[in-house]
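Student: Below, each chain spelled out in residue letters.
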Amino acid sequence: MTNPTAPTPTVGDKLRWAIQDTATITWRDMIRTARQPEMLSFAVVMGLFFLLLFNYVFGGAIGAGTGVDYIQFLVPGVFVITALQGAQQTSTGLAQDLAEGVINRFRSLPMSQVAVIAGRTVADSLRNIVGVILVALVGLLMGFRFASLWGAIGAIALTVAMGYAFSWLGASIAAKIRNAEMVGMLSMFWLFPMMLASSAFTPTSAMPGWLRAFADNQPISVAADAVRALTDGTPAGSATLSALAWIVGMLIVFVPLSTRLYSRP
Amino acid sequence: MASTSDAPVIVAEGLWKSYGDIPAVRDLSFEVRPGSVFGLLGPNGAGKTTTINMLTTLLPIDAGRASVAGFDVERAPEAVRQVIGLAGQAAAIDEKLTARENLEMFGRLYKMPKPERRARVDELIEQFRMTEYADRTVSTYSGGQRRRIDVVAALIANPPALFLDEPTTGLDPRSRVELWEEIRSLADGGTAVVLTTQYLEEADRLADHIVIIDRGTVVASGTAGALKDDLDRDVLEVHFASVGDLNLAVGKMAGVTDDYGTDETSSKLTIPISEGSASSLALLRRFEDAGIPIVDFHYRRPTLDDVFMSHTDEVITGSGRSK
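Note that the protein sequences, when read in sequence, are chains A and B.
Per the numbering used here, the first sequence starts with residue 1, numbered consecutively.
Per the numbering used here, the second sequence starts with residue 1, numbered consecutively.
If you are wondering where the hints come from, they were derived from the structure by calculation, not from laboratory data.
There may be inaccurate statements among the hints.
[What the hints assert, rightly or not] In the SDA-like style, the derived pairs of lysine to any residue whose C-alpha atoms are separated by at most 25 Å in a straight line are:
(1) B:Lys114 <-> A:Val11
(2) B:Lys96 <-> A:Val130
(3) B:Lys114 <-> A:Leu15
(4) B:Lys252 <-> B:Glu237
(5) B:Lys114 <-> A:Gln20
(6) B:Lys96 <-> A:Leu126
(7) A:Lys176 <-> B:Glu95
(8) B:Lys96 <-> A:Ala23
(9) B:Lys96 <-> A:Ser41
[What the hints assert, rightly or not] Heads up, incomplete: computed chain A residues facing chain B, CB under 10 Å, no partners named:
(10) Thr8
(11) Lys14
(12) Trp17
(13) Ala23
(14) Ile25
(15) Arg28
(16) Glu100
(17) Gly101
(18) Val102
(19) Arg105
(20) Phe106
(21) Ser108
(22) Leu109
(23) Ala115
(24) Arg145
(25) Phe189
Remember, it's a predicted structure, so these values are computed and weren't measured experimentally.
Cβ coordinates follow ideal geometry from the N, Cα and C atoms, glycine included.
So here's chain A without its partners, still in its complex pose (with noise of 0.2 Å):
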């Protein structure tokens, strides 16, 4: 650089940096998902084994017992559940990165410092299409079915815009922990209740009320339900709005959240 009397940037600048950087951050981390591909297949066998197990343990005493065709149920929620386990990555992935030195390099460069968290959810983001692609894939195998090309599409970008909100969430919780270890440890507390207590494997009518009143509303069945209206072609009723008001409050809340988590030395 031959430029040393560099100004401080302007608003604009900042912006740009932020679109750059974050774009430099996606490709550092594609290239090491493509050098660590247990990174990728771990989310996809999660999502694969989920569908297995549910749909041949599970189906035939769900299905007899609700009369809903199981595998057109299960399907869109091992979606959401996949892009979920996605999420946990980031927040294992990034709290590696910040026990990482290079951290501390990426600190002190002339960069947009929210971009270290912004491409690693971006990646994280790319990834989770891909393996919601290959559930898909799986799916159509043991008898699944979209309704609509558009469906199949409009339910995979819901799935992975929600995967990308729990992604931030994820890096909230390494950007505090920053430990890659304890951050896998204390997954367990919010994605085992997230998975389970929800409408992603089965309907939530068996459950008593007061789960019921969570499970109906949190983020991961909303999104689910939507997901199911997309595929199915059939009405989503209020669950669609739910799922984006989801999407939307934890990107506000998460967003700001992480990035100043990110920015204590």
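Fit chain B to the known structure of chain A by using the hints.
Tutor: Frame of chain A; chain B shown alone:
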């Protein structure tokens, strides 16, 4: 390099930093001019990395002020980040990327235009003789190769101010000498370098000006030569067979001088000998007369080690620590 004047590039004025109640850096001031290497020398925990972190915008400054290339570190951190390079234990590289990818990434983050960036990456890889391994992931590198790419990554945007935090710690002697030559040639090219080190030889070889810090505060300052001249005396080192013998010898020092150091791990007594003090021969005879067997002794000119030890508590402890 843009700096044509001889005005200091890096200025620290009365820096203070505490972690809770524990002071890490106390009232530290210095200036670094273009083309010179400033050595910050001290034991572990002396406050070297804390100082580097404050100057490179990684840590808030409690009191005092600092500037790099005229930009205030606290008020214009983004401008400062455009004129500095950081390497060593305070920074690192991405282990999962290759050296070339790391340089490419840092070049992008410095917003270097693509043609300039590509040319610079190629130039650095060639200049630092990394061609052979530049396209392997960093996790496969030897310690020396890793340190080298770490330092080279700090150079991507050709910064006028370079901060190297213990850049040669853990390197084998040959890699260390190679890195010294490279750092020297960067300074000769006009870069202002701040170098922290625990190695006296490194400061002696590289630094134009040395500040010795201990527990966050400056205990000595000057060129390597001046610091050694300051210690205007030769040194007698006497090795004993045991700590018991060492303590007996210390007892015999009463009434002679209280200016000496002891090293219990090697049962060694270090006594400065200057004009007008007891002669070495008289001291050795004193121990012999008292029946304390002497394993070995050396009489030598002072080294930067003695300067360091005369100013810090680190290796040598004893009631007679000079000054």
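Student: Mind checking the CB of isoleucine 25 of chain A against every CB in chain B and telling me if the closest is under 10 Å?
Tutor: 8 Å, holds
Student: Going by Cβ atoms only, is phenylalanine 106 of chain A closer than 10 Å to chain B?
Tutor: 7 Å, holds
Student: With chain B as the partner, please determine if glycine 101 of chain A meets the hint condition of a C-beta pair closer than 10 Å.
Tutor: For glycine 101 of chain A, the interface hint holds, since the closest Cβ of chain B sits about 3 Å away, which is under 10 Å.
Student: Taking only the CA atoms, is the gap from lysine 176 of chain A to glutamate 95 of chain B under or equal to 25 Å?
Tutor: Between lysine 176 of chain A and glutamate 95 of chain B the Cα gap is close to 23 Å, so the pair holds against 25 Å.
Student: Does the interface hint hold: is tryptophan 17 of chain A within less than 10 Å of chain B, judged Cβ to Cβ?
Tutor: With a closest approach of 7 Å, the tryptophan 17 of chain A hint holds.
Student: Quick one, is the alanine 23 of chain A hint okay against chain B at 10 Å, beta carbons?
Tutor: 8 Å, holds
Student: Can lysine 14 of chain A be said to touch chain B, with a Cβ gap under 10 Å?
Tutor: 8 Å, holds
Student: Holds or violated: glutamate 100 of chain A as interface residue toward chain B, Cβ cutoff 10 Å?
Tutor: 6 Å, holds
Student: Taking 10 Å as the limit, does the beta-carbon of leucine 109 of chain A come near enough to a beta-carbon in chain B?
Tutor: 5 Å, holds
Student: Holds or violated: are the alpha carbons of lysine 114 of chain B and valine 11 of chain A at most 25 Å from each other?
Tutor: OK: lysine 114 of chain B and valine 11 of chain A at ~23 Å, within 25 Å.
Student: Holds or violated: arginine 145 of chain A as interface residue toward chain B, Cβ cutoff 10 Å?
Tutor: Check failed: Cβ of arginine 145 of chain A comes no nearer than 40 Å to chain B, outside 10 Å.
Student: Taking the least C-beta to C-beta distance, is threonine 8 of chain A closer than 10 Å to chain B?
Tutor: At 5 Å from the nearest chain B Cβ, threonine 8 of chain A passes the 10 Å test, so the hint holds.
Consistency with the previously given hints fails for numbers 24 and 25, ordered from lowest to highest.
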